[in-house]
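Colleague: Listed below are the residues making up each chain.
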Amino acid sequence: MAEKVLMKGNEAMAESAIRAGCRFFFGYPITPQTELAAYMSKQMPKCGGTYLQAESEIAAINMVYGASAAGARVMTSSSSPGISLKGEGISYMAGCDLPGVIVNVQRGGPGLGGIQPSQSDYWQATRATGHGDFQIMVYAPSTVQEMADYAYLAFDKADEYRIPVMILADGMLGQMMEPVLMPEPKDELPEKPWATTGHKNERKHNIVDSLYLTPDALERLNRERFERYEVIKANEQRAELFMCDDAEIVLVAFGASARIARSAVVAAREQGIKAGLIRPITLWPFPTDAFESVMDTARDFLVVEMNMGQMVEDVRLVSEGRVPVEFFGRTGGIIPTPAEVLKRIEAAHERVGE
Amino acid sequence: MSAEEKVVFERPHALLPVITNYCPGCPHGIVHRLVAETIDELGIEGETVGVAPVGCAVTSVDFFGCDMIEAAHGRAPAVATAVKRVHPNNVVFAYQGDGDLASIGMAETVHAATRGENITVIFINNAIYGMTGGQMAPTSLPHQITQTSPYGRDTTTAGFPIRVSELLSSLDGVAYLERVTVDSPKNVRKAKKAIKKAFQNQIDGVGYSLIEVVSTCPTNWGLSPQDSFNWMRENMLPYYPLGVYKDVVADGFANAAEAAAARSADCPVAHPEKAGA
Amino acid sequence: MARDLSLILAGFGGQGVLFAGKIIATAGLIEDREVSWLPSYGPEMRGGTANCSVTLSDDPIGSPLVTAPNALVVMNQPSMDKFDTAVVPGGVMVVDSTLVQRIPDSEDVCVCAIPATEMAEENNMKGLANVILVGKLFAETHFCEEETLFAAMEKCVPARKRHLLDANMAALKLGMQA
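Order-wise, the sequence lines are chains L, D and E. Be aware that the first sequence starts at -15, since it is given in this note's numbering, and climbs by one per residue. Be aware that the second sequence starts at 12, since it is given in this note's numbering, and climbs by one per residue. Be aware that the third sequence starts at 57, since it is given in this note's numbering, and climbs by one per residue.
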């Protein structure tokens, strides 16, 4: 029987990817994700896979593009500045409907920023990973177990919808160790009849391409892709609701900051404050259904992020003015403390009254 | 067809019966044909995956009959690397122009070469950006007038052209480099031979092979096809001399790795097999 | 069940504070508790100060970053200066007195100073001061069952370094008796 092991988040994602059938990894060193690449460099040769340290983040993502076009389950990982460089390739993957898994172990920005944990790439992940009309799926794990679980699931979803999928983690989650139960290795992977594997003189040639010089053709394709996005929105939203049944002060936080928010909610409940937490697990699609389920009791949304306020805009969009939305964030690599979040909960509680 | 008729010339199977969008007199058509003939003669169309550039040959994904991938600008070597790693038995080629290969994609080019990726690269060097309308390329000649060097390429500010074959010839991962052109039947035959060898090298596991085709751009040079070839012969060939720049097989090695090992013979860490000998 | 442990281990890079934390986290894993281990990362690991946070709990762990520790293991003066006032009342501080000159005198916190580095050198356990301190921390807090601690050590020493296991075990016991 499988047993729990103590693993760093970065390593857990790598091991889980291998178990999901990923045999190709292309990356470039950057703190704080390097353990993932190091793990792959050690394990891939043992399972007949390929680890290749690319000359740049740009080359790495384009290798992901090539391996995906060739039909393989493939992954790359980086941290914030490196993800900016990968933006080009991610856009091309989206434009070619290529599956692939991209891990962002976020650090503070902009620019070279810092190397401490951050969530300041929320907009980049959910709005503008690259140029053009497209979305990628984004999972935001909050524990090392979830890093393993969603790295595993990401490959299935990427193949199912032919879409790039991002695991949006951060330096804290990547570096920390927690007990984790690894998923079972997969032995059957989906067929990819569209892949460029050589036509063996048995079919018409396959083309992987995102160039459409006729506006009508490009518009038609974009519309079709967005219809697929609607299916994803309908079927793939994930969120955890914690103590939300009667919650008036509803915190909203993802990933690392959700752990702190959860502690603050527990502390607030001990004071008799009806606090709860919505923890979006999919950042795109944004889990709007979860918000609808708390609208009856919620009197205040308090969004807690490790940035200057990014997801808060999605919460405002879903609230549509029905419930006030407030924000508390730390940035630059600082992890908020439960005590400072609790203060905000207390203030919100006073404001909305008894 | 009557009994005495004999087919002496036909479209290669690997070149699809579609109309290309290349300008009149553009050598892309010739080089496409040479690549397609090679694929036919080696009987590898079913195993071949081509990677197209951004540039005029961007639409070549529709022209070649093998599986094709359109890469982002300059990234064809990275894409080709991954395809070859996923399917080592496939024959993978990248087809790139000078802006794609030697400017925006220089890092990918150098590193695919130095890794010794067992791929084939066809490099069209016509000293100009064709697709975008005639801007200065990394291989534009000193004083060459282009849309973005209207007073001629000023080497004091724009630097010097890159000689790609010479540059790559210093890399241990490279097996075969030859610079050819397609301005005459004789040179077309030589180019064909080089291209075929570059594909055969891959099949034989010899290593990374690149064929640089010195080419023209009648449209953006503002010359007729024949005058273009004249200008090319007069100006480009002295700067980019034709010939073989590296050939590890001719040098007596089985592949690029063997040649590299010989070159680094005096470096102990590069030769763990010699430890204790 | 033992009480929750919120621990910071701190010292210079290379002293093995991350490894010491891993032993304790592994003990929590074996006892099927909630566990988190979070290292400081970045330039510290290249010769500067290093520290890690370890939490063992029976409830889900919020922030793995320990800011109000109930236990502190300190292996150098800069770390003492950084963390000594953070320890909560009723907490335990385990100090390597060979390397820390200023040992605080606190009424609220149990301060256990042992010359771990000196002990390690005297007992032919060079480089195992960290493990001696883990032994001492165990003696003071009993953060797990004794056999769990030994089992954790066995899990943490890689199979290829089996010859080191005996030395580590001895260091652990030395600390427990100090």
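There could be a bad hint or two in this list.
[What the hints assert, rightly or not] List of simulated lysine-lysine pairs, BS3-like, C-alpha gap at most 27 angstroms:
hint	chain 1	residue 1	chain 2	residue 2
1	L	LYS217	L	LYS184
2	E	LYS138	E	LYS211
3	L	LYS(-12)	E	LYS138
4	D	LYS285	L	LYS184
5	D	LYS285	L	LYS26
6	D	LYS207	L	LYS30
7	L	LYS176	L	LYS(-12)
8	D	LYS207	D	LYS17
9	E	LYS182	E	LYS217
10	L	LYS26	E	LYS138
11	L	LYS(-12)	E	LYS182
12	E	LYS182	L	LYS30
13	L	LYS188	D	LYS201
14	L	LYS258	L	LYS184
15	L	LYS30	L	LYS176
16	D	LYS285	D	LYS17
17	L	LYS258	L	LYS(-12)
18	D	LYS197	D	LYS17
19	E	LYS217	L	LYS327
20	L	LYS26	L	LYS(-12)
21	D	LYS197	L	LYS184
22	E	LYS229	L	LYS26
Read the hints as simulated data drawn from the structure, not as lab findings. This one's a predicted model, so the numbers in the text were calculated from it and none came from an experiment.
Colleague: State for each hint whether it applies.
Modeller: Evaluation of the provided hints:
1. LYS217/L <-> LYS184/L: Violated: LYS217/L and LYS184/L sit about 38 angstroms apart, past 27 angstroms.
2. LYS138/E <-> LYS211/E: Since the Cα atoms of LYS138/E and LYS211/E sit roughly 31 angstroms apart, the hinted pair is violated (cutoff 27 angstroms).
3. LYS(-12)/L <-> LYS138/E: The given pair, whose Cα atoms are some 34 angstroms apart, is violated under the 27 angstroms limit.
4. LYS285/D <-> LYS184/L: Between LYS285/D and LYS184/L the Cα gap is close to 43 angstroms, so the pair fails against 27 angstroms, i.e. violated.
5. LYS285/D <-> LYS26/L: Between LYS285/D and LYS26/L the Cα gap is close to 25 angstroms, so the pair holds against 27 angstroms.
6. LYS207/D <-> LYS30/L: 36 angstroms, violated
7. LYS176/L <-> LYS(-12)/L: Distance of about 34 angstroms is beyond 27 angstroms: violated.
8. LYS207/D <-> LYS17/D: 25 angstroms, holds
9. LYS182/E <-> LYS217/E: 16 angstroms, holds
10. LYS26/L <-> LYS138/E: 37 angstroms, violated
11. LYS(-12)/L <-> LYS182/E: 32 angstroms, violated
12. LYS182/E <-> LYS30/L: Violated - the C-alpha atoms of LYS30/L and LYS182/E are around 35 angstroms apart, more than 27 angstroms.
13. LYS188/L <-> LYS201/D: 31 angstroms, violated
14. LYS258/L <-> LYS184/L: Outside the cut-off at roughly 65 angstroms; violated.
15. LYS30/L <-> LYS176/L: 25 angstroms, holds
16. LYS285/D <-> LYS17/D: 60 angstroms, violated
17. LYS258/L <-> LYS(-12)/L: 35 angstroms, violated
18. LYS197/D <-> LYS17/D: 24 angstroms, holds
19. LYS217/E <-> LYS327/L: Measuring from Cα to Cα gives roughly 49 angstroms; hence the hint is violated.
20. LYS26/L <-> LYS(-12)/L: 21 angstroms, holds
21. LYS197/D <-> LYS184/L: 33 angstroms, violated
22. LYS229/E <-> LYS26/L: Violated. LYS229/E to LYS26/L sits at ~34 angstroms, over the 27 angstroms cutoff.
Consistency with the previously given hints fails for numbers 1, 2, 3, 4, 6, 7, 10, 11, 12, 13, 14, 16, 17, 19, 21, 22, ordered from lowest to highest.
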